Amino acid sequence: MSGPSSFQPQNSVLKWIERRLPIFGLVHSSFVAYPTPRNLNYWWTFGGILSFMLGVQIITGVILAMHYTPHADLAFNSVEAIVRDVDYGWLLRYLHSNGASMFFIAVYIHMLRGLYYGSYKEPREILWILGVIIYLLMMATGFMGYVLPWGQMSFWGATVITNLFSAIPYFGESIVTLLWGGYSVGNPTLNRFFSLHYLLPFVIAGVVVLHVWALHVAGQNNPAGVEPKTAKDTVPFTPYATIKDAFGLSCFILFYCWFIFYIPNYLGDPDNYIPANPGVTPAHIVPEWYYLPFYAILRSIPNKLAGVAAMFSAILILAFLPWLDSAKTRSMRYRPLAKQCFWIFVGVCLGLGYLGAKPPEGVYVVAGRILTACYFAYFLIVLPILSRIEKPRTVPNSIADDVLGKKKSVVASALAVIGAVGLLALDGGSTARAAEHGPTPPSVNWSFAGPFGKFDQGQLQRGYKIYKEVCSACHSMNLVHYRNLTDPGGPGFSIAQAEALAAEIQVKDGPNDAGEMFERPGRVADKFPAPFPNENAARAANGGAAPPDLSLMAKARGYERGFPQFIFDAFTQFQEKGPNYIHAILTGFEETPPEGFELPDGSTYNKYFPGHAMKMPSVLADDQVTYDDGTPQKVDQYAKDVAAFLMWTAEPKLEERKRLGFQVMIFMIILTGLLYFTKRAVWADAH
Amino acid sequence: MTTSSSAGQSRRDFLFVATGAVAAVGAAAAAWPLVAQLNPDASTVAAGAPIEVDLAPIADGQDIKVFWRGKPIYIMHRTKKQIEEARDVNVASLPDPQPDSARVKEGHDQWLVVIGICTHLGCIPIAHEGNYDGFFCPCHGSQYDSSGRIRQGPAPLNLAIPPYAFVSDSKIRIG
Ligand code: FES
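First to last, the sequence lines map onto chains A and B.
Each position in the first sequence, counted from 1, maps to that position plus 10 in our numbering.
Each position in the second sequence, counted from 1, maps to that position plus 17 in our numbering.
Just to be clear, a hint being listed does not mean it is correct.
A few chain B residues that face chain A, going by a derived Cβ cut-off under 8 angstroms, partial list only [what the hints assert, rightly or not]:
no. : residue
1   : S23
2   : A24
3   : S27
4   : F31
5   : V34
6   : A41
7   : A44
8   : A59
9   : A64
10  : I68
11  : E101
12  : H157
If you anchor each label on the Cβ, the simulated ranges turn out as follows [claimed, not checked]:
no. : chain 1 : residue 1 : chain 2 : residue 2 : range
13  : B       : I143      : A       : S457      : 57 to 67 angstroms
14  : B       : H125      : A       : T641      : 32 to 42 angstroms
15  : B       : G124      : A       : Q507      : 56 to 66 angstroms
16  : A       : E526      : B       : P89       : 50 to 60 angstroms
17  : A       : E526      : B       : E146      : 54 to 64 angstroms
18  : B       : P67       : A       : N455      : 54 to 64 angstroms
19  : B       : V62       : A       : K464      : 53 to 63 angstroms
Keep in mind that the hints were calculated from the coordinates and are not lab data.
If you're wondering where the values come from, they're calculated on a predicted model, not measured in any experiment.
Cβ coordinates follow ideal geometry from the N, Cα and C atoms, glycine included.
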């Protein structure tokens, strides 16, 4: 994209096209012959990684939209139907939901790289501002995408974020009404968010084209921050940058796959596996991890308008960076003071992210205010002053000198990984907060834990029996069908067994030709029967608290693991909070509450339940359910079996996911290794 | 690069080809789920289970339309006249030769069960219309006889017979 190309195709067909539309020349000059500084390090591969992630999000998103229903009553179940019924639907959904996080990890690294190496300075101001616009668009897209599954966090996140606009004087309320299309967040909101969520990625793609165009006019910055002067300073984009980007991308995909296949819900919020309920707000509303630093800024200011203004300025201030930092030296490598301040700033951002996930109480509020002040001070005080008083070290004469002058450090790439993990780790605080009070549920040894975990079929069958004989008296399981009992990776019932089980129930069907509803025996295509005809009936029959649907229970509950445990959980693939919690609840009932505990009427004391007063009574007793396979008929065993069964109903494709994950990981490790050696071979000529 | 011997060169070439090949395999494998997701999903498949239809209410000369797997199925209770017409044809002269006996279940000659989708381009033919006492497709004028065989018009094949069986004399199971 830099001026007319010297590219001359030989093939006559290509020549014919090229004379009319010089597209090959454009591609050649932009991505083949394009001179790229020879001293770029791996931080520069994130531009390519971001383009890749945009592509992944668009492709998986377009596909998900083929199966998704944007309606307040149907959206939640349609997302679950994608995961449960569509071929590879679970993969596509996890690719997309984790893809958003990967996109943001990459963009934060990309932005911090720009910050560190001064990539926003003359003549790259517009390039940088386009980047800030892309980032804003990404935030809007990510937010609206998170609303679509229509879980509790979707709904309440939408409510809180749209209400930010109500802070605007005079027009606030009207703007919020325009966003909602109603008197509150509801079906019209979901519809417009879906439409816009589909649109914005293409807008992003358009701005990305401008971003790349501006990049190719100004040329890439580089770690030394000096412009290329002679041909010795640059190498052609292909093969040098291409292969380096490919290797970087391959490493990134490995990291991405770890999440998709082994900890797909690590970055998500358990509350979002509870369908949206306009009548109940979750205990803590927390946005997705990538908004947390800004959320912390919002909350640390005790005035509505000022808080919202601070939050938006925290983002917009980035656009003014080229003028706030007027230092002539680009790279902080040669600015010792600025370099230290930069790393402190990174720490401040991580700290704000951590605080964003914490409840806004006590010391967290104070810390939030201090860090907010630091955040703005970095841009408004530190950089402007440093750029005037700091005496930079001498920068190398040319890029070639820079390359010769120092040994390349491998540390950089290791740091990249650690940095990314650190960023992610922030989230742990937000993923689990259901059980703030009370002891942590003990960890049970589950057969389905770990990279090669599999369900124990006997255990699932026993768990099903307990569900059927005990739980199903009060709890529905609307997402599970009798046919699922025969699915691979499930309890392993035969088709005949599933048919017999289904035939035990009566299902209301119709209307028949006479227009009447009738009862017929169940079929395998029918879902498990619900004990109550509707939620109000369930509530009335259970002392005011409707027993929740159990289909997703094992993913809809969690608890704090605390720092630093939640970071280790990403490495050990700990994904069993839900079953641990269920097992703990079922075994945690106590006849007499501890001294001084005021138990409300109609409640039971439970050690592990948040608040301890549980509407559900203790329902399991030793020998209550008969096991035919000789397994001990003890409450603890019952609790384990039913928790395992609920894990299967919540994540029916778990075995398929882990099996495919192993194959993909092996493949990606081989490919990454090959790319590494190819990259070395290619770059051997350049040194 | 310390040497540029031809052995080193060919080792490099091999490395490049191997990397490219592995990457290509990966890209192809990654495309697979993107295509496979287009298949009918599990709930659609499960909903396509066999259905039972009671024939008792269908009087002589009447027909009903039921849906199975989203397709309309005509169940026609044929009159004596219709059966005779269907049997009197010179089978060899038909565009898609098939004797009537091959299109109904033995001993249940009066019941014609066909998928009501025109074999031309998929419109739904109207029963008891056209020149052959069978079906007439309004889209491009194909005519089927009382055995559901194509007699006239652009459609190439007879109306398809869904898989079905008699559970009793007055009940069939489709699928
Ligand atoms: S579709 Fe029936 S005649 Fe063309």
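Going through the hints against the structure:
{"no.": "1", "hint": "S23", "in the structure": "violated, 15 angstroms"}
{"no.": "2", "hint": "A24", "in the structure": "violated, 13 angstroms"}
{"no.": "3", "hint": "S27", "in the structure": "violated, 12 angstroms"}
{"no.": "4", "hint": "F31", "in the structure": "violated, 10 angstroms"}
{"no.": "5", "hint": "V34", "in the structure": "violated, 10 angstroms"}
{"no.": "6", "hint": "A41", "in the structure": "violated, 10 angstroms"}
{"no.": "7", "hint": "A44", "in the structure": "violated, 10 angstroms"}
{"no.": "8", "hint": "A59", "in the structure": "holds, 4 angstroms"}
{"no.": "9", "hint": "A64", "in the structure": "holds, 6 angstroms"}
{"no.": "10", "hint": "I68", "in the structure": "violated, 10 angstroms"}
{"no.": "11", "hint": "E101", "in the structure": "violated, 30 angstroms"}
{"no.": "12", "hint": "H157", "in the structure": "violated, 31 angstroms"}
{"no.": "13", "hint": "I143/B / S457/A: 57 to 67 angstroms", "in the structure": "holds, 60 angstroms"}
{"no.": "14", "hint": "H125/B / T641/A: 32 to 42 angstroms", "in the structure": "violated, 52 angstroms"}
{"no.": "15", "hint": "G124/B / Q507/A: 56 to 66 angstroms", "in the structure": "violated, 35 angstroms"}
{"no.": "16", "hint": "E526/A / P89/B: 50 to 60 angstroms", "in the structure": "violated, 23 angstroms"}
{"no.": "17", "hint": "E526/A / E146/B: 54 to 64 angstroms", "in the structure": "violated, 32 angstroms"}
{"no.": "18", "hint": "P67/B / N455/A: 54 to 64 angstroms", "in the structure": "violated, 44 angstroms"}
{"no.": "19", "hint": "V62/B / K464/A: 53 to 63 angstroms", "in the structure": "violated, 25 angstroms"}
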